[in-house]
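Undergrad: These protein sequences, in sequence, are chains A and B. Counting from 54, one number per residue, gives the positions in the first sequence under the working numbering. Counting from 12, one number per residue, gives the positions in the second sequence under the working numbering.
Please keep in mind that the hints were generated in silico from the structure rather than gathered at the bench. The structure displayed is predicted, hence computed values, not measured ones. Even for Gly, the Cβ is constructed at its ideal location relative to N, Cα and C. Hints may contain errors.
Unchecked claim - Ranges of calculated distance between the beta carbons of each label pair, as one might list FRET restraints:
| hint | chain 1 | residue 1 | chain 2 | residue 2 | range |
| --- | --- | --- | --- | --- | --- |
| 1 | B | Gln127 | A | Glu187 | 51 to 57 Å |
| 2 | A | Arg139 | B | Arg23 | 44 to 50 Å |
| 3 | B | Arg23 | A | Val59 | 40 to 46 Å |
What the hints assert, rightly or not - Listed next, the stretches of chain B that the computed footprint assigns to chain A, with coverage defined by at least 3 CB atoms under 8 Å from CB atoms of chain A:
| hint | stretch |
| --- | --- |
| 4 | 79-86 |
| 5 | 156-165 |
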Amino acid sequence: MPGARVVKNRTEFEGRIYEQLALVQGIDLRAWPADAELRQVGRPRPRIDGVQRVSGRARYTTDVVLPGMLHARILRSPHPHARVVRVDAKRALSLSGVRAVIHRGNAPRHFAEEVRYVGEHVAAVAAESEEVAEDALRLIEVEYEVLPFVVELEDALKDRSRAQRKESYSRGDVRRGFKEADAVVEATYRTATQLHNSLEPHGAVAVWDGDRLTLHESTQAVFDVRTGVAAALGVGLDEVRVICDFMGGGFGSKLGHGHYSEIAAALAKQLGRPVRCVLDRHEENLATGNRSASLQKLRVGARKDGRLIAIEHVAWSGTGTEAGWVAATTGPTNSLYDAPNVRSEQHLVLTNTGPFSAFRAPGYVEGTFALESALDELAEKLGVDPLALRKRNYARTDPQSGKRYSLKRLDACYARGAELIGWPRRKPGGAQGRTSYLRRGLGVATQVWGGGGGPPSYATVHLNADGTAVVRTGLQDIGSGTRTAIAQIAAEELSLDLDHVRLSSGDTDAPYAPASGGSQTTASVGPAVRLAAADARRQLLEAAAGLMEVRASEARLVDGRVIAGRGGKKLPVSEIFQKLENYTVIGKGSRHPNPSDVWLRSFGAHFAEVEVDTRTGSVRVHKIVAVHDIGRVVNPLNAASQVEGGVIQALGYALMEGRVLDRPSGHVMNANLEDYRVPTAKDVPEVVVEFVGEPDRRANNLGGKGLGEPPIIPTAAAIANAIANACGARVRVLPMTPSRVLEALRR
Amino acid sequence: MPIRLDVNGEARSVHAAPRRTLLDVLRYDLGLTGAKKVCDRGDCGACTVLVDGQPIYACLMLAVACEGKRIETIEGSAPELDAIQQAFVAHDAYQCGYCTPGQIMALAGLLRYLAQPSEEQVRIAVAGNLCRCGAYPKIVAAGLAAARARAKAK
Numbered sequence: 054m055p056g057a058r059v060v061k062n063r064t065e066f067e068g069r070i071y072e073q074l075a076l077v078q079g080i081d082l083r084a085w086p087a088d089a090e091l092r093q094v095g096r097p098r099p100r101i102d103g104v105q106r107v108s109g110r111a112r113y114t115t116d117v118v119l120p121g122m123l124h125a126r127i128l129r130s131p132h133p134h135a136r137v138v139r140v141d142a143k144r145a146l147s148l149s150g151v152r153a154v155i156h157r158g159n160a161p162r163h164f165a166e167e168v169r170y171v172g173e174h175v176a177a178v179a180a181e182s183e184e185v186a187e188d189a190l191r192l193i194e195v196e197y198e199v200l201p202f203v204v205e206l207e208d209a210l211k212d213r214s215r216a217q218r219k220e221s222y223s224r225g226d227v228r229r230g231f232k233e234a235d236a237v238v239e240a241t242y243r244t245a246t247q248l249h250n251s252l253e254p255h256g257a258v259a260v261w262d263g264d265r266l267t268l269h270e271s272t273q274a275v276f277d278v279r280t281g282v283a284a285a286l287g288v289g290l291d292e293v294r295v296i297c298d299f300m301g302g303g304f305g306s307k308l309g310h311g312h313y314s315e316i317a318a319a320l321a322k323q324l325g326r327p328v329r330c331v332l333d334r335h336e337e338n339l340a341t342g343n344r345s346a347s348l349q350k351l352r353v354g355a356r357k358d359g360r361l362i363a364i365e366h367v368a369w370s371g372t373g374t375e376a377g378w379v380a381a382t383t384g385p386t387n388s389l390y391d392a393p394n395v396r397s398e399q400h401l402v403l404t405n406t407g408p409f410s411a412f413r414a415p416g417y418v419e420g421t422f423a424l425e426s427a428l429d430e431l432a433e434k435l436g437v438d439p440l441a442l443r444k445r446n447y448a449r450t451d452p453q454s455g456k457r458y459s460l461k462r463l464d465a466c467y468a469r470g471a472e473l474i475g476w477p478r479r480k481p482g483g484a485q486g487r488t489s490y491l492r493r494g495l496g497v498a499t500q501v502w503g504g505g506g507g508p509p510s511y512a513t514v515h516l517n518a519d520g521t522a523v524v525r526t527g528l529q530d531i532g533s534g535t536r537t538a539i540a541q542i543a544a545e546e547l548s549l550d551l552d553h554v555r556l557s558s559g560d561t562d563a564p565y566a567p568a569s570g571g572s573q574t575t576a577s578v579g580p581a582v583r584l585a586a587a588d589a590r591r592q593l594l595e596a597a598a599g600l601m602e603v604r605a606s607e608a609r610l611v612d613g614r615v616i617a618g619r620g621g622k623k624l625p626v627s628e629i630f631q632k633l634e635n636y637t638v639i640g641k642g643s644r645h646p647n648p649s650d651v652w653l654r655s656f657g658a659h660f661a662e663v664e665v666d667t668r669t670g671s672v673r674v675h676k677i678v679a680v681h682d683i684g685r686v687v688n689p690l691n692a693a694s695q696v697e698g699g700v701i702q703a704l705g706y707a708l709m710e711g712r713v714l715d716r717p718s719g720h721v722m723n724a725n726l727e728d729y730r731v732p733t734a735k736d737v738p739e740v741v742v743e744f745v746g747e748p749d750r751r752a753n754n755l756g757g758k759g760l761g762e763p764p765i766i767p768t769a770a771a772i773a774n775a776i777a778n779a780c781g782a783r784v785r786v787l788p789m790t791p792s793r794v795l796e797a798l799r800r
Numbered sequence: 012m013p014i015r016l017d018v019n020g021e022a023r024s025v026h027a028a029p030r031r032t033l034l035d036v037l038r039y040d041l042g043l044t045g046a047k048k049v050c051d052r053g054d055c056g057a058c059t060v061l062v063d064g065q066p067i068y069a070c071l072m073l074a075v076a077c078e079g080k081r082i083e084t085i086e087g088s089a090p091e092l093d094a095i096q097q098a099f100v101a102h103d104a105y106q107c108g109y110c111t112p113g114q115i116m117a118l119a120g121l122l123r124y125l126a127q128p129s130e131e132q133v134r135i136a137v138a139g140n141l142c143r144c145g146a147y148p149k150i151v152a153a154g155l156a157a158a159r160a161r162a163k164a165k
């Protein structure tokens with residue numbers, strides 16, 4: 054196998070392109086052809102860890118209990134902006150069961166002098182029980198110097214120190230484009246701040262063994278937590294081990310280490326005992342990230358024949374206190390349609406609210422709502438069918454780079470989706486429901502996203518003496534079923550049953566694997582695992598051929614048996630190696646770079662059927678049809694679950710979810726799961742899921758791309774378009790609550 | 012204070028402060044971490060267990076109020092559990108799985124009193140159990156499949 058070498062690679066992550074160097078080993082395999090007879094990959098398989106999930110035995114970070122473990126709770130700022138003048142912990146420390154209090158005064162590394170939002174951490178207590186730690190928080194006396202603040206996006210826009218242009222893009226000449234347009238739609242769209250509310254809270258359990266920290270953390274990225282915590286503590290990477298076995302959701306909010314990780318580690322070090330620091334639901338809704346609220350101005354112009362001639366999109370996203378980056382709201386505008394003249398700007402707006410973080414397709418969700426709503430408004434104005442308008446402006450090559458796509462079957466998504474929803478039923482002006490005040494309508498919207506994954510990612514496959522296999526790779530399973538997909542890939546290459554493949558993962562002591570984010574996990578790790586399995590198989594066959602006295606090229610591995618020669622000997626692996634007693638064959642694999650001559654993207658189309666009660670403004674979504682093009686689907690059962698979940702999360706975003714701030718105090722008024730409404734089993738419509746399924750053989754050796762984020766992207770726009778079709782109410786503000794629908798109806 | 016509980020058919024005694032919830036006693040004092048703490052105020056259902064056969068939110072019940080009561084959790088062997096658990100695995104009725112023990116216990120409570128529920132009744136039974144991953148369509152399908160499997164076995 055050729056040794057390590059450094060290669061160039063281009064990867065898309067969370068809507069942006071990154072050019073990086075990566076270290077790879079060996080030679081890549083070609084993707085399986087479309088007609089390959091695969092026995093594991095592409096088959097619906099229940100989760101390999103399903104039994105643990107249904108029996109309560111799955112151990113999540115919050116379930117980790119270690120001998121002598123202490124509980125930490127965090128004191129948070131009641132002010133949206135203040136200077137911490139003094140912290141007095143004397144009374145807290147005198148409470149029975151309290152072991153330590155850390156704050157600005159004694160742990161300046163972990164607490165800032167200036168707090169910038171309600172809920173920023175000010176001090177932390179470690180105590181023998183959670184209840185005592187909670188009691189102690191009330192005994193900590195903090196003197197604050199209260200400072201001026203702004204919490205609402207539209208208030209902060211006026212302030213130049215808070216609103217900054219972060220990105221701009223243009224092609225062609227939009228001014229000339231709009232002059233040549235026969236129809237122009239100009240509209241402003243607004244979206245609310247969405248709170249992740251992963252059911253497992255953010256948290257960590259820290260334990261030191263001498264100089265080495267082991268951190269159990271609920272995270273989407275064990276390696277990024279390791280880097281962050283090592284830097285925060287000023288120690289080497291070898292001194293921090295991060296473990297995440299089962300994980301209760303993250304949706305983008307758990308992509309790095311948090312203040313809770315640092316606090317748990319610092320207290321555990323100081324006290325010489327394990328410390329658990331897990332946030333409660335209120336804290337989750339203040340201090341662990343959110344999807345930015347957005348204000349978006351869009352202009353879309355087209356010729357009479359429906360050909361898009363110009364698009365202009367300016368987006369302001371409220372990032373709270375996060376100044377480093379902003380979501381790519383204008384990404385879909387720049388890349389979805391074949392429009393010759395496009396100009397866009399992305400602004401970041403700082404407010405005194407909790408910092409935003411990635412949230413499942415950050416930016417693309419907000420931007421697609423605006424763009425795909427505007428496209429329907431344009432179709433209405435031109436008097437053309439909205440689906441026809443989209444097909445009319447279909448991008449055959451990537452509009453930004455000019456490159457061909459590795460594969461694009463959005464056309465098939467449109468065709469199949471239209472068939473499944475019954476698109477020909479759609480009439481301008483909608484249809485009447487059971488009674489005169491109920492109006493029914495259909496809507497469509499399109500999704501574009503990355504998710505091709507890329508290097509670096511590594512795996513080893515260890516073959517045991519009885520023919521079973523262990524796959525070792527650091528990846529964590531956010532809950533999407535990645536571990537099962539990875540096991541299927543290894544089982545395919547090793548020709549083993551799925552229950553003979555185990556995974557050792559979620560641990561930084563294993564080979565590097567990337568974050569479970571950016572829809573990249575399976576497409577990044579899977580190809581490395583396939584190569585590792587192929588390497589292990591090759592070594593096994595070489596050794597077996599020697600023992601069987603045949604040439605290695607004549608030996609094949611089928612169902613744990615080595616078959617040598619044409620119709621030759623068939624011997625179980627365990628028998629061939631009987632004399633060896635013990636051995637480990639170790640196969641290695643790394644993720645190779647993406648092709649540089651083509652563009653990797655995933656596509657999809659959602660169709661919605663809704664019923665609007667024109668008396669109350671309430672919207673009932675009856676059906677969502679979701680058709681996605683991600684190349685080869687490794688596990689259609691898990692994949693369908695992921696699409697259903699994305700659609701349902703988007704349904705919440707479209708109709709009910711939104712953080713409510715109290716402007717005078719800066720407090721979040723609905724920081725709980727009663728007032729912040731997420732969909733329940735009673736809210737969900739019929740969701741029909743299909744995949745185009747044609748392998749994208751240029752993408753990687755699996756022929757598949759990622760699916761985590763695509764299904765949340767187009768749903769809100771599809772619902773908005775269906776509402777407009779049903780009753781003529783164009784709602785340009787999310788969530789589309791009954792009062793907003795009524796308001797739009799009256800316009 | 013001392014509290015005697017019947018947990019999954021075993022007599023258990025714990026010493027807990029009067030303010031300790033049943034959920035904290037199960038998780039911290041008895042090591043039964045299947046029931047999850049998500050909201051700790053009765054909004055989400057992740058801590059659902061059966062108390063005297065009824066599904067309840069363990070975070071809203073004080074442990075002292077359970078003195079002498081029969082408590083069944085996901086770790087136990089309630090007669091409904093097997094069919095529901097198998098159906099959840101077969102239907103992929105979860106994603107992250109954090110809400111799963113609560114969903115299953117809510118359905119166990121339903122099937123104990125209603126052997127052949129309608130789809131709407133299954134939906135109502137889990138309407139108090141949030142799933143942020145959005146596994147609802149398959150949770151409902153699994154609930155119905157479990158009911159059918161049990162009816163067939165009888």
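Undergrad: Flag every earlier hint the structure violates by its number, smallest first.
TA: Per hint list: 1, 3 and 5 violated.
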